[in-house]
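Listed in order, the protein sequences are those of chains L and X.
Under my numbering, residue 741 is the last one in the first sequence; the count climbs by one each step, no gaps.
Under my numbering, residue 432 is the last one in the second sequence; the count climbs by one each step, no gaps.
Just so you know, these hints were derived from the structure itself, not from any lab.
Note that the Cβ used here is the ideal one computed from N, Cα and C, for glycine as well.
Keep in mind that the hints are not guaranteed to be accurate.
What the hints assert, rightly or not - What follows is a list of derived Cβ distance ranges for each label pair:
hint	chain 1	residue 1	chain 2	residue 2	range
1	L	Glu-522	X	Arg-47	25 to 35 Å
2	X	Ile-31	L	Glu-522	18 to 28 Å
3	X	Thr-427	L	Met-517	23 to 33 Å
4	X	Val-320	L	Asp-690	34 to 44 Å
5	L	Glu-534	X	Arg-47	35 to 45 Å
6	X	Leu-50	L	His-637	38 to 48 Å
Stated by the list, open to error - Here are the simulated DSS-like pairs of lysine-lysine, each with C-alpha atoms no more than 30 Å apart in a straight line:
hint	chain 1	residue 1	chain 2	residue 2
7	X	Lys-35	X	Lys-140
8	X	Lys-282	X	Lys-104
9	X	Lys-35	X	Lys-351
10	X	Lys-35	X	Lys-142
11	L	Lys-653	X	Lys-35
12	X	Lys-351	L	Lys-529
13	L	Lys-653	X	Lys-104
14	X	Lys-122	X	Lys-351
15	L	Lys-653	L	Lys-703
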Amino acid sequence: MLIEIENLTKIYKMGAEEVHALDGIDLGIERGEYVAIMGASGSGKSTLMNILGCLDVPTSGTYRLDGELVSSMDDDRLAAIRNRQIGFVFQTFNLLPRSDAFHNVELPLIYAGVARPERRHRVEEALVAVGLADRTKHRPNELSGGQRQRVAIARALVNAPSIILADEPTGNLDSRTSEDIMVAFRKIHDAGNTVLLVTHEEDIAAHADRRVRLRDGRIESDTRS
Amino acid sequence: MRLLIEGLKLGIAALWSHRLRTFLTLLGHIMGVITVITLVSLIQGLNHYVSEKILVQGANLFYVDKIGLAFNEEDFLKRLRRRNLDLSDFEAVRTKNETLANVGAYVQTNATLKYKKRKLNQMGVVGITADSPLFDPYPIASGRELRAEDTDHRRRVVVLGHEVAQELFPVGDPVGEEIRVGARKYTVIGVLGERGKVLGQSTDNFVAIPITEMLGWFHDLSFFTLLAQPLPNVSTDEAQEEVRWILRGSRGLRPKDAENFEVYSSDALMRLYQTLTGGIFAVLVGVGSISLVVGGIVIMNIMMVSVTERTREIGVRKSLGARRKDILNQFLLESVVLTVTGGLIGVLFGFSVSMLVSATTGFPARITASATILGLGVSAIVGIFFGVYPAFRAARLDPVTALRAE
C-alpha cells in the first residue's frame with residue numbers, strides 16, 4: 517500500500533467555533549493507481565489534498581506514505597518528503613514568473629541536492645516527456661496556458677516522485693487544452709506513476725480509474741471503473 | 027555550496043529585476059558606507075602622514091631634554107626648574123658612548139632675517155652641532171653643510187632652509203652672500219633641500235647656525251635637546267640606557283637620585299599622537315556609522331516588502347521541497363547581495379570623495395585595503411543583521427497559507 521490513511525481528522529478553529537474539515541477518513545491507495553478525489557467546495561477535498569501532499573498535518577489519525585508515518589513529522593522532514601515523494605501540479609501552475617522553463621523544472625532537483633550535469637540531463641528529459649523540448653529558455657509569460665501546465669507537469673515528474681498530486685489541473689484551461697493535459701496525465705499513469713487528481717468536474721474525474729467522493733469531511737463513495 | 031551559488035544567482039536576479047527600487051533602497055546604505063569610508067580614509071591618511079613625518083628620521087632615533095613629553099602644566103613647570111642640559115652633557119655623550127651612530131644637540135629661537143631690503147619676521151633659528159642627525163631628512167641643495175670647523179671656531183655662518191632661501195633670494199645663488207640674523211651678520215654657506223609642508227605648516231622656514239656661536243648670544247637652554255641615533259646593530263633601549271648612565275655621570279647624580287632629564291623616542295611621539303587622536307577618531311567613525319544603521323533599517327523594510335510580495339513564490343518553493351533553512355538562506359543571501367553591492371558602490375564613492383577632499387583642501391587621504399575590507403565587511407554584517415528577521419519570517423511561512431496568497 518502506497519498511501520494508508522486511518523481515521524484522519526482535521527479541525528480548524530474559527531474563533532470559538534470548530535470546523536471539522538475532515539471527519540474521520542480511511543483511505544488506501546496502491547502504487548500505480550489513478551485516483552480522482554472529488555467533492556464540492558467545502559467538502560474537505562482541499563484539506564485532504566494538503567495533507568496527502570504533506571503541506572499540512574492532520575489533527576488526529578495516521579497517514580503512512582510508502583510505509584513512512586508522515587502525520588507526525590516536523591517541517592523539514594515534511595519538506596524532504598514533498599521533495600522526494602510528491603509532485604504537485606496546481607490549478608494556477610505556480611511557476612516562478614522570472615525563471616525560464618528549464619529553471620522552473622530544475623528547482624526540485626536543486627532542493628534535492630542533485631549535481632548540475634545530472635540536473636541538466638533530467639530536466640531535459642522531463643521537458644521532452646511533456647513535449648516542450650524547444651521551450652526550455654521561455655519564461656512563463658512567453659508560454660500558453662497549456663504549455664505552462666506542461667512545464668508544471670515536467671516539474672512534478674522530474675524528481676521521480678511516488679505520487680503526482682494534481683489540484684484542479686485544468687481549472688484555468690479551455691476544454692481543448694484540458695483534453696491535451698488529461699492525455700498527458702494518462703500517459704504519465706501508463707508509465708507507472710501513481711496519479712491523484714483533485715477536481716470537482718465529473719468529465720475530468722472520468723479520466724481516472726477510481727473516484728473517491730467527499731462530502732462534509734467524510735468519504736461518501738469510492739468507485740472504480 | 028550548490029545552494030549557495032544558486033541562492034547568489036537568485037538574489038542577483040531578484041534585485042536586478044527591480045533595479046530602480048534596489049538602487050533607491052540602497053541609497054541610504056551607500057551614503058552610510060561613503061561616510062564611513064571617507065572618514066576612515068582621511069583618518070588613515072592623517073595617521074600615515076603624521077607617522078611618516080614624525081618617523082622620517084628613523085623610528086629608532088631618540089631625544090633627550092629636561093622637559094620631555096609633559097602631559098600637564100604641573101609636570102611641565104616642575105621639569106622647567108630642572109638644571110639645563112648643555113654642551114658639556116653633549117660632549118660627555120659624544121665622547122663616552124659606544125652604542126650610537128651619531129649624536130647631535132640643538133637649541134632654537136625665533137629671529138628676524140634680513141638680506142638687503144628683504145626681511146622675514148619670526149623665522150626659526152636653530153643652533154646645531156656639526157653632522158647632527160636632525161638634518162638627515164634635508165639633503166643639502168647647494169653649498170655645504172655645517173662642519174666641525176664651523177662649530178669649533180664659532181664661525182658666523184648660516185645654512186638656509188629652502189623657503190628662507192627662496193624668500194630672501196628670489197634670484198641668484200645665496201651661497202657666499204651675507205644676511206642678518208637678528209642683529210648679527212652671517213655668511214650663507216649652504217641651502218637645504220625642500221621637505222615640504224606638514225599639515226599645512228612649512229618645514230623649510232628656518233636657518234641653522236653653529237650652536238657654539240648661537241650660545242654666545244642666546245642663553246635660554248631650557249629646551250636644549252640631544253638627538254641620538256643608535257648603531258644599526260644596537261637596540262634603541264640599549265642605547266637609551268647607555269645615554270642615561272652617561273648623563274647621570276655628567277650631571278653628577280648619585281645612584282639613588284631621580285633622573286633630572288627625559289629620554290623619549292620618535293615612537294613615543296607617535297604613541298602620544300595616537301593617544302591624543304584615537305578617541306576622537308573612534309567617535310567620528312561611530313557617529314558616521316549611525317547612517318549605516320539607518321540604511322540597514324531601510325533595507326530591512328524593503329526585505330519585508332519583498333517577502334510579502336513573494337509569499338506565493340515561497341509557498342511554491344516549499345511545495346517543491348525547500349526547507350526552512352533554504353528559504354532563510356535565500357532571503358538572507360539576497361539581503362547580503364544587496365548590502366555588499368551597496369558597500370562596493372559606497373567604497374568606490376567614498377574613495378572618490380576622500381580624493382576630492384584631499385585634492386581641494388590638501389588634507390592627506392589614504393586609500394587602503396583595510397578600509398575596503400571594512401566597507402564590504404560592515405556591509406555584509408548589515409545585510410545579515412537587518413536581513414535575518416525578514417528571512418526568518420519568510421522561512422516560517424506555512425506552505426498552505428503561502429500557496430493561497432495572491
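ask   = Given the hinted pair L:Lys-653 and X:Lys-35, is their alpha-carbon gap at most 30 Å?
value = holds (16 Å)
query = Using the C-beta atoms of X:Thr-427 and L:Met-517, is the stated range 23 to 33 Å upheld?
reply = Holds, at about 31 Å.
task = Below or equal to 30 Å on CA atoms is what counts here, so check X:Lys-35 against X:Lys-351.
result = Holds, because 17 Å separates the two Cα atoms, which is no more than 30 Å.
Straight-line alpha-carbon gap X:Lys-282 to X:Lys-104, limit 30 Å = Holds, at about 19 Å.
task = Measure nothing beyond the straight line between the CA atoms of X:Lys-122 and X:Lys-351; if it is 30 Å or shorter, mark the hint as holding.
result = Between X:Lys-122 and X:Lys-351 the Cα gap is close to 75 Å, so the pair fails against 30 Å, i.e. violated.
ask   = In this structure, is the beta-carbon distance linking X:Val-320 and L:Asp-690 contained in 34 to 44 Å?
value = violated (53 Å)
ask   = Within 30 Å, alpha carbon to alpha carbon, are X:Lys-35 and X:Lys-142?
value = Outside the cut-off at roughly 77 Å; violated.
query = Has the hinted range 25 to 35 Å been met by the Cβ atoms of L:Glu-522 and X:Arg-47?
reply = The hint (25 to 35 Å, Cβ to Cβ) is violated, given that L:Glu-522 and X:Arg-47 are roughly 51 Å apart.
task = Starting from X:Lys-351, check that the Cα of L:Lys-529 is at most 30 Å away, please.
result = holds (29 Å)
query = Is it true that X:Ile-31 and L:Glu-522 lie within 18 to 28 Å of each other by Cβ?
reply = violated (44 Å)
query = Straight-line Cα separation of L:Lys-653 and X:Lys-104 no greater than 30 Å?
reply = violated (85 Å)
inquiry  = Please check whether L:Glu-534 and X:Arg-47 have a Cβ separation lying inside 35 to 45 Å.
reply    = The hinted range 35 to 45 Å holds for L:Glu-534 and X:Arg-47, with Cβ atoms some 44 Å apart.
Comparing the model with each earlier hint shows violations of hints 1, 2, 4, 7, 10, 13, 14; every other hint is respected.
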